[in-house]
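Line order of the protein sequences matches chains A and B. Here my numbering is used: the first residue of the first sequence is 1, the next is one more, and so on. Here my numbering is used: the first residue of the second sequence is 1, the next is one more, and so on.
In case anyone wonders, no lab produced these hints; they're calculated from the structure. One thing to keep in mind: the hints can contain errors.
[What the hints assert, rightly or not] In silico contact screen, one side only, chain A against chain B (beta carbon under 10 Å); selected entries:
1. S5
2. Q7
3. R8
4. P10
5. F11
6. L13
7. D14
8. G26
9. A81
10. I88
11. L112
12. K113
13. R124
14. R134
Just so it is clear, CB atoms sit at the ideal spot from N, CA and C, and this is done for glycine as well.
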Amino acid sequence: MIVVSVQREPFSLDAALSRLAMAGPGAVASFTGLVRRDDGVEELLLEHYPAMTEATLHQLAEAAQARFGLAGVVIVHRIGALVPGDPIVLVATAAAHRQAALDACAFLIDRLKTDAPFWKREQRGGVARWVAPRAADDQAADRWR
Amino acid sequence: MVRLLYFAWVRERIGLDEEVVDPPAEVATIADLVGWLHGRSAGHAAAFADPAQLRAAIDQRFAPLAAPLAGAREIALFPPVTGG
């Protein structure tokens, strides 16, 4: 079972985990990314490539399902204007055992950061700036290749 | 004719989110296209000043700048992605 959504609205972690539990796994795991509040960010704007985004996330979910033998994958990514503390992204997985569920969450969020067509623009002190990619994100994604 | 889509600071510098262009036959790769587009306006020149900062997709699949354009219907040009 694969569920992918790109949406402006907030998402429900409970709803995602309940949906995965219906697949009858022994384990569900999840990762939620939030807008960081620690460095003066007032707003985060998320832009994406609509015709490509959901297909890319679906391919990542299929890759995770095949690699880790998952019973289910949920990926939700928000777009539009967000503020510190807002949830941005959710990946959740269901598997027979914990290791596959946990590893698959790490795989999905690491690869999503480098492989999905989203761009973040931060606003601080009224000044907007496009976020630059981090080498650490490339390294995190590379460990799954 | 090929449809071009621009995202993030590429879109902002050019001032367009998309346009349709008809590049000459000698424009064979995405890198050639970027070089050709550079001369279209000051905004294009600003967006394409440093091709090392650009990433691309052909028909909604990521492609290196050396990729050939042959048969492409939609080409997107954008900065490195920063989602998640």
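To see whether the hints hold, each was checked on the structure:
Among the interface hints, the one on A:S5 is violated; its C-beta lies about 14 Å from the nearest C-beta in chain B, farther than the 10 Å criterion. For A:Q7, the suggested interface contact is broken, since its CB lies about 14 Å from the closest CB of chain B, more than 10 Å. Given hint, A:R8 at the interface with chain B, is violated; its Cβ is 15 Å from that chain's nearest Cβ, farther than 10 Å. At its closest, the beta carbon of A:P10 sits 17 Å from a beta carbon of chain B; the interface hint therefore is violated under the 10 Å criterion.
Because the smallest distance between the Cβ of A:F11 and any Cβ of chain B comes to about 14 Å, over 10 Å, the interface hint for this residue is violated. With a cut of 10 Å, the hint placing A:L13 at the interface with chain B is violated, because the nearest CB-to-CB distance is about 16 Å. Against a cut-off of 10 Å between C-beta atoms, the interface hint on A:D14 is violated, since the closest Cβ of chain B lies about 22 Å away. Among the interface hints, the one on A:G26 is violated; its C-beta lies about 27 Å from the nearest C-beta in chain B, farther than the 10 Å criterion.
Interface restraint check: A:A81 against chain B, minimum CB-CB distance 15 Å, threshold 10 Å, status violated. Given the 10 Å rule on beta carbons, the hint for A:I88 holds: about 7 Å separates it from the nearest Cβ of chain B. Interface hint at A:L112: satisfied, since its Cβ lies 5 Å from the closest Cβ of chain B, which is below the 10 Å cut-off. Hint status for A:K113 relative to chain B: holds, with the closest Cβ pair at about 4 Å, below 10 Å.
For the restraint placing A:R124 at the interface with chain B, the shortest Cβ-Cβ distance is roughly 16 Å, beyond the 10 Å limit, so the hint is violated. At its closest, the beta carbon of A:R134 sits 8 Å from a beta carbon of chain B; the interface hint therefore holds under the 10 Å criterion.
The structure shown violates the earlier hints numbered 1, 2, 3, 4, 5, 6, 7, 8, 9, 13.
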